[in-house]
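Trainee: Residues in the sequence shown are numbered from 719 upward in steps of one, following the numbering used here.
Hints in this document: simulated from the structure, not taken from any laboratory.
In this text the structure is predicted, and so the values were computed from the model without any measurement.
Be aware that one or more of the hints could be misleading.
As the list claims (entries may be wrong) - Below, in silico cross-link-like pairs of lysine-lysine (DSBU-like), each with a Cα-Cα straight-line distance of 30 Å or less: (1) Lys767 <-> Lys815; (2) Lys807 <-> Lys767; (3) Lys814 <-> Lys767; (4) Lys799 <-> Lys814; (5) Lys815 <-> Lys799.
Said to hold, decoys possible - Restraint ranges, calculated between C-beta atoms of paired labels, are given here: (6) Glu795 <-> Lys767: 27 to 35 Å; (7) Gly824 <-> Cys777: 17 to 25 Å; (8) His835 <-> Gly771: 15 to 23 Å; (9) Ile788 <-> Gly756: 17 to 25 Å; (10) Gly800 <-> Arg820: 29 to 37 Å; (11) Gln798 <-> Gly771: 25 to 33 Å; (12) Glu757 <-> Gly800: 31 to 39 Å; (13) His835 <-> Asp763: 30 to 38 Å; (14) Arg770 <-> Gly800: 15 to 23 Å; (15) Leu836 <-> Glu757: 16 to 24 Å; (16) Gly806 <-> Gly781: 12 to 20 Å; (17) Asp812 <-> His752: 27 to 35 Å; (18) Ser780 <-> Lys814: 20 to 28 Å; (19) Ile788 <-> His835: 16 to 24 Å.
Yeah, the Cβ is synthetic: ideal placement off N, Cα and C, and Gly gets one too.
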Amino acid sequence: MSTENAVSAEDLKVNAGKMHVSTTDVAIDIVGMHKWYGEFHVLKDINLKVMRGERIVICGPSGSGKSTMIRCINRLEEHQKGKIIVDGKELTNDLKKIDEVRREVGMVFQHFNLFPHLTILE
């Protein structure tokens with residue numbers, strides 16, 4: 719497998735702002751997540767814990783896997799290995815759990831072209 723330009727957990731810088739933390743419950747728990755596009759290993763062993771009430775920023779160079787990681791958390795992309803647990807629900811192929819999580823989770827991308835065929839209001 720090619721490792722050129724692949725991102726690892728230490729490549730992504732996560733800045734957890736502790737604003738308005740009211741409980742110690744885990745909102746998002748990512749354990750050993752991996753994502754490949756064919757033979758290209760895009761995300762390698764990503765581990766992240768976000769507590770309820772925390773606001774975080776994921777930053778890194780262009781092409782480092784930031785959007786791919788966020789898309790995996792919201793199950794817009796499927797990860798191939800590891801666990802993603804959002805609000806106590808592990809995201810697998812269970813569409814009901816995915817829909818429940820999507821109704822409660824909001825994510826902001828740097829660019830608004832997540833769905834280039836839709837306008838911002840759609």
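Trainee: Hints numbered earlier in the text: which of these fail when held up against the supplied structure?
Mentor: 6, 8, 10, 12, 15, 16, 17, 18
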